[in-house]
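Trainee: Sequence:
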Amino acid sequence: MQPSSTISLVERYDNNAQLSIALRTAAELKLFRFDNQYQLKELATVKDFLPLDDEYDRIMFAKFDDANINDLLHFTTKGLTMYRFFEESGVFEKVYYSTAFSKLRGWNRRTIESIATVNIDGDKWDELMASGPRGLCLYRPVFGNDGFELVNIFDETIEDGEMRYGIPKLTTKLADSDGFNVLLFTGANLVSVQTKPYIPRIYDVPSAAQTVVKANAVAPLLVPQKKYIVWLHDQLDLNSMLQPLNPHAGTVELSIPLIELPNAFGVSVRKYVQYKNIPFESFFGRGWSLPLDYISVERKNSAFLQDHDYAVLKNNNRIILKRYPHLDSVDCWSFEIDGFKQATIKYYPSKERWEMTMEDRTFVYGAWENLSKRREEDVCASWPLCGEKSANERKLPSRWYLVHEESKYGAYANYYYDPLVEGKGDRLARIELSSGSSVSFKYSEQNKLVNFKVNTTCYEQNVSFEYEGNWLKQINQEDRPLFKFDYKDDRMWKIVYPNRLESMLEYSDVQIDRTRFEEAVPVDLNPTIYYGPDYTVILDKEFEDDRVAITIRNLLGGTDGPKAMKEKLHFGQPGIKSHTIHALEDMLVVVLIYGSQKEVTVLQFTGKDWVEKEYISDFPLDAVISVGKKFVVLCDLKTLRVLTINHKGNLNDTEVQKSLPPKFLIQTFGNGFLMCSASSIDVWTMGIKNEWQKGSTQAPTNIFTDIDKLLNAFVLDAEFSTALRKGFLADAVTVYQNAIVIRVPVLDGQKLNLKVFFLIMNYDRGATQVSKQTVQIPIANFDTYEYDMPTKDGDVFKLHYKVQNNKYVLKLKSMKGPLNNSLTEQKQKSYKQIEASGEAAAKKAQYKKEVDEKFAEEVDNISQTVVSKAQFAMDLSQFGVLTNQHGVVTGNVQLSFDGQSWQQQPIDPATMRMEKVDQPLGAGFKLAKYSYQDTFKVYEMPRHAVVYDTQTNNPQEIQVVAPRYIQSQPAGKRLSMFFFHTKETIQQPANVTMVRASNTISLVTVRHVNETSKFVVFRPVDSFLLKMTSLFTKQRVRLDQEELRISSYNYHPRDVHLSSEGAMFYRVKVAPGDNEKRFGWIF
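In the UniProt record's numbering, the protein residues as written are 1 to 1083.
For the record, the hints were derived by calculation from the structure and aren't laboratory data. Certain hints may be false.
[Claimed, not checked] Derived Cβ-Cβ restraints for the label pairs, each shown as a range:
id, residue 1, residue 2, range
1, ASP479, PRO384, 29 to 37 angstroms
2, ASP331, THR705, 24 to 32 angstroms
3, ASN702, ASP331, 44 to 52 angstroms
4, PHE720, ASN762, 37 to 45 angstroms
5, GLN773, HIS1057, 32 to 40 angstroms
6, ARG765, PRO397, 30 to 38 angstroms
7, LYS983, SER868, 23 to 31 angstroms
8, HIS1057, SER508, 15 to 23 angstroms
9, LYS408, SER508, 28 to 36 angstroms
10, VAL715, THR784, 48 to 56 angstroms
11, PRO955, THR357, 53 to 61 angstroms
12, ARG514, LYS408, 23 to 31 angstroms
13, ASP331, ASN470, 41 to 49 angstroms
14, LEU396, MET789, 46 to 54 angstroms
[Stated by the list, open to error] Computed cross-link-like contacts, DMTMM-like style, restricted to lysine to aspartate or glutamate with a CA-CA straight-line distance of at most 25 angstroms:
id, residue 1, residue 2
15, LYS816, ASP860
16, LYS694, ASP708
17, LYS816, GLU850
18, LYS424, ASP338
19, LYS608, ASP622
20, LYS663, ASP586
21, LYS488, ASP949
22, LYS937, ASP918
23, LYS566, ASP490
24, LYS613, ASP586
25, LYS937, ASP949
26, LYS124, GLU149
27, LYS577, ASP560
28, LYS1069, ASP609
29, LYS566, GLU502
30, LYS322, GLU585
31, LYS726, ASP622
32, LYS314, GLU352
33, LYS276, ASP489
34, LYS663, GLU612
35, LYS322, ASP609
36, LYS983, GLU1011
37, LYS453, GLU1043
38, LYS648, ASP534
39, LYS300, ASP53
40, LYS772, GLU518
We put the CB at the ideal spot given by N, CA and C, even for glycine.
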């Protein structure tokens, strides 16, 4: 017996009262009975029997003719199938099928189980009594001209609810009568009714049922218990789906509101299944999704709340939430949606709950009573500074899902989710409404949605999905096809709608005109480009008066946008030595440096214009001007003050410290700054409301004393010593994430080391030190230290240090190269001349001695020249401090935090000098340079094939913006660019020069027209990456075999603009009938 077999007992196989045994297999029904000797004998086998139905499946026998063996009735969701036994063949054969008892007619398990056999008219043939979808019914077998049929002979004009909708529980034959006594359950009690014999009329099919006599009349409150099916093809607005076009992108986008629970006085639920032609895979396969509603946060690896970006995703639309901290209360944060002030959004951190109220509806995300759904990240206590060995002690929520929505009248809907599926994401499990309606989702082991079921008090909907590989091929309802989809070349090609209308989709490639996207800004001399968060500053000197001119544009060099300006702003006086620009969100600081002072101008963007807010004409040269994300630090060596903009848009000038220590360093970071003195470190951090909080910690060492000790150990001239001291102090204090990094050089005997102190801070409520670690990096051992100083002429001078008067003195140890060869040859030549002179031996010895002295004097002169130029024979770049995604780089060592300690990974000095490079760029590419003379090349991996040669070994002549492009311009050659995505190399004209201010958004060059005319040219990087775009251009709609309608969608390249999603078009022209002239279109 197969595992899928079932056994049950059935009555009335024949006139024998003994029960029969029914054995169900996957495709057969076998009937057995015990004989008089109690042996099990097989009665019959029914071949091709329907498999067991999951919802309802009932087998019974009824006597519909005079045969010895009764008819077999099989009820399933598909309807009634009747089998009759034929004695000639000795088997049951299928003789009748009807959908009268199917699920489509409203029958369910309860109503099917109420079916009973009765004999109303005493003809010894059975009728079927049941409580069906329309109440009590009585089916009689009728044999007319059209053959066999079951006809309901119950009198449907009876309006008594307790009789019409009562459920028959027991049917007994009345004594001395052909009638029956039927016991009905009405929902409140039992009611006994009696039948009268049916008197047939002259018609084959009776038009009226027998009269029913009611006994023990009771009038309880009855509610009909019935459900029907709402067909989606009736519910859906197919007109809105017949044109699956996104007119802006020129792509196919189809949204089907498969889940819809309307409620005029409560909470309505509507969920779309959406298709987009993008390489995205979900629980619906490629391109399809059921968008979930949630609120997300992007923390940008920062512990400061003001750095966090929040957004709500609703119906697959991402809406930015703007924080308004001045509206916060004790237990919640306030957010708003720009342009939609009617929405109020509150976040309760202690409960991890969001509440968004829009009109009369409140949406709750994250947690509601016993409901909870959010996505969290496990982080360490010192986040964001964590490592692989960190103990994950904290949970940071990153996404809060919609769990509850409620109307102000009390109706609500609750959302339940399955656990996170790795690689796929989160998914809905069910939706429950206060009205009793619900939607439940079922997924396969391959994590694809198999079906969902809509269940209300009035109707049901069962929708299933069929897949072919990773493509959704068909959507069905009640096993009837609703939508069908076909695909070609990884995109949708054909849609079959519920009304059997077929829509064929065609695509065309359109070439993008790259040159039309450029923005040209005229300049005079040598432009310098700076970027703010949402604008670009172009600074240039003018021919006429040596002043500087500033042009403010958007990030692509255009004049669109509130902060962009068409006119120029002029600053300064003749004699400007250098300049710098600090571009903040709503502040612009222009610093012009002269021979003896700095000139500082602070501009504020007030919403419409850039307005000058502060001007300092005589700022000291050694004074400090530094910025964070939203503030400017000004230190004139007397006081320390900070400029910020409050939530009302006013510029605040705060003096944070009135007196300063004699020696100090100031270092800014994104949301604060610190001042390091000889013994302490004061840290100011900006809060969410732009308020300042101060914290202090002890300095791990006296930076100034350590550097002075080192410089005093060497013989250096005063000017160089001062410059070297500034260099050591420049990177002495750095900030990496939430760690303060202090680097000092320390001389320990004959060994020079770098000591690096890491102070891990907590910035929650003012800066406090959490832990401290120290790393020591060896730099040199002066007992054996040598330094090679090469020259352009090919000479190499080997230098070393000697201790004299307790100080290290730089000496020339040896040299090689053309200069040394020339001196040696000259010396040997003099020796040969002396030998050939014929002088006496003593005279020759004297001459040779004079030559040696001259040679030594020349070498000494060279040594003094080399030493005076070298001053400090070490690679000063190794004393600098850099930060990258892995940690801190200093002393030719990469320092990375593993969660417990800082690990050292040595870096080849040649790599630090970019003489050797082997750097992965992502997307299957790497940048490599294998020797000093080798040029920088891009290799495609794993083939290790050269796809782009920069033609230069000078790192100043290349720029890498991975993973988008690399550009290079060797001296005297044309600018070329290689784009990784398209593997395309583009060479610019000879009058175009590279600007290293290019970024991932904009590629910037300078176009030289003549000696007095130049343009800074901005071009979107996307315009190079998108040479061709594929558009949905034609749709063929077949109504039937004869009628076919065609519509074409026409785009013009001049209408295109670029966005983060690719090419977008301002307009599309629709040509019905594929006739461009029919309705007056001019293409």
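Trainee: Indicate whether the distance between the beta carbons of ASP331 and THR705 respects the range 24 to 32 angstroms.
Mentor: violated, 50 angstroms
Trainee: If you check the beta carbons of GLN773 and HIS1057, does the distance land in 32 to 40 angstroms?
Mentor: violated, 51 angstroms
Trainee: Given the hint of 23 to 31 angstroms, check if ARG514 and LYS408 actually sit that far apart at their C-beta atoms.
Mentor: Violated: the Cβ-Cβ distance is about 54 angstroms, outside 23 to 31 angstroms.
Trainee: Are LYS424 and ASP338 close enough, with their CA atoms no more than 25 angstroms apart?
Mentor: violated, 32 angstroms
Trainee: Is the straight-line distance between the alpha-carbon of LYS608 and that of ASP622 25 angstroms or less?
Mentor: violated, 35 angstroms
Trainee: Taking the CB of ASP331 and the CB of ASN470, does the distance hold inside 41 to 49 angstroms?
Mentor: Hint holds: Cβ distance 46 angstroms, inside 41 to 49 angstroms.
Trainee: Could one say that the CB atoms of PRO955 and THR357 fall in the range 53 to 61 angstroms?
Mentor: holds, 56 angstroms
Trainee: Within 25 angstroms, alpha carbon to alpha carbon, are LYS772 and GLU518?
Mentor: violated, 51 angstroms
Trainee: Compare the distance between the alpha carbons of LYS694 and ASP708 with 25 angstroms, and conclude whether the hinted pair is satisfied.
Mentor: violated, 29 angstroms
Trainee: Given a hinted range of 28 to 36 angstroms, is it respected by the beta-carbon distance of LYS408 and SER508?
Mentor: Check failed, 51 angstroms falls outside 28 to 36 angstroms.
Trainee: So if I understand the rule, the pair passes when the alpha-carbon distance is 25 angstroms or less; does LYS648 with ASP534 pass?
Mentor: Given pair LYS648, ASP534 holds - Cα atoms ~20 angstroms apart, limit 25 angstroms.
Trainee: Would you mind confirming whether the straight-line C-alpha gap from LYS314 to GLU352 stays at or under 25 angstroms?
Mentor: holds, 19 angstroms
In summary, the numbered hints that this structure violates are 1, 2, 5, 6, 7, 9, 10, 12, 16, 18, 19, 20, 21, 23, 27, 28, 29, 34, 36, 37, 39 and 40.
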